[in-house]
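Residue numbers (our numbering), protein chains in the order written: chain H, 1 to 113; chain B, 1001 to 1108.
Source of the hints: derived by calculation from the structure; they are not laboratory data.
Here are some chain B residues pointing at chain H (derived, C-beta under 7 Å):
#1 Asn1030
#2 Asn1031
#3 Gly1041
#4 Gln1042
#5 Leu1043
#6 Tyr1048
#7 Tyr1090
#8 Thr1093
#9 Leu1096
#10 Phe1098
#11 Gly1101
For each residue, glycine too, the CB sits at the ideal point set by N, CA and C.
One-letter residues, chain by chain:
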Amino acid sequence: EPEVTQTPSHQVTQMGQEVILRCVPISNHLYFYWYRQILGQKVEFLVSFYNNEISEKSEIFDDQFSVERPDGSNFTLKIRSTKLEDSAMYFCASSVQPGETQYFGPGTRLLVL
Amino acid sequence: GIQVEQSPPDLILQEGANSTLRCNFSDSVNNLQWFHQNPWGQLINLFYIPSGTKQNGRLSATTVATERYSLLYISSSQTTDSGVYFCAAYYNTDKLIFGTGTRLQVFP
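Whenever a hint applies, use it, and build me the whole structure from the sequences.
This is the structure:
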């Protein structure tokens, strides 16, 4: 069964550094998402992306965050200057259409020191 | 804002027991998903269930959209069922709004 993959599985970085989290969505899916989960809390929506554009973003997704689909398979989340409070699990998801089943990747656990 | 609430927040069971997890949502939903977050943090899709009832092995789910709730039933629980169960809803947008989760612990 096709699945969403994410790399790296874990990343440790120093405050102020840039990080790029990578995702490969399911190949025939057209809608892509990033969510995050701070330890012990619920999963929160960050951004959705379709047709090479952001279609919706949350208030968490400020100017420090950006997303890109650099080629036909990868979908990336960049955090420009990490803060301690960016430490979380970041999930990528994809769906065929909005409102249909979203399939989640295994997550990248980011720790900012 | 839109609220998705789950109960109970914590549930402790002995292996073999049955349980019902509840998800209430504050407004009409377009669709609803149930997930199991395993101890490694992975979110596993269980059901996509905007309405009606679905079954998959020992798990089943029912969504009554008009009354704004969904139920997840786990029968004959096993230790591998342990983890956090989340429901998540769509409201006329393409983002999922997650509930607060139910943490399930199943002991042998």
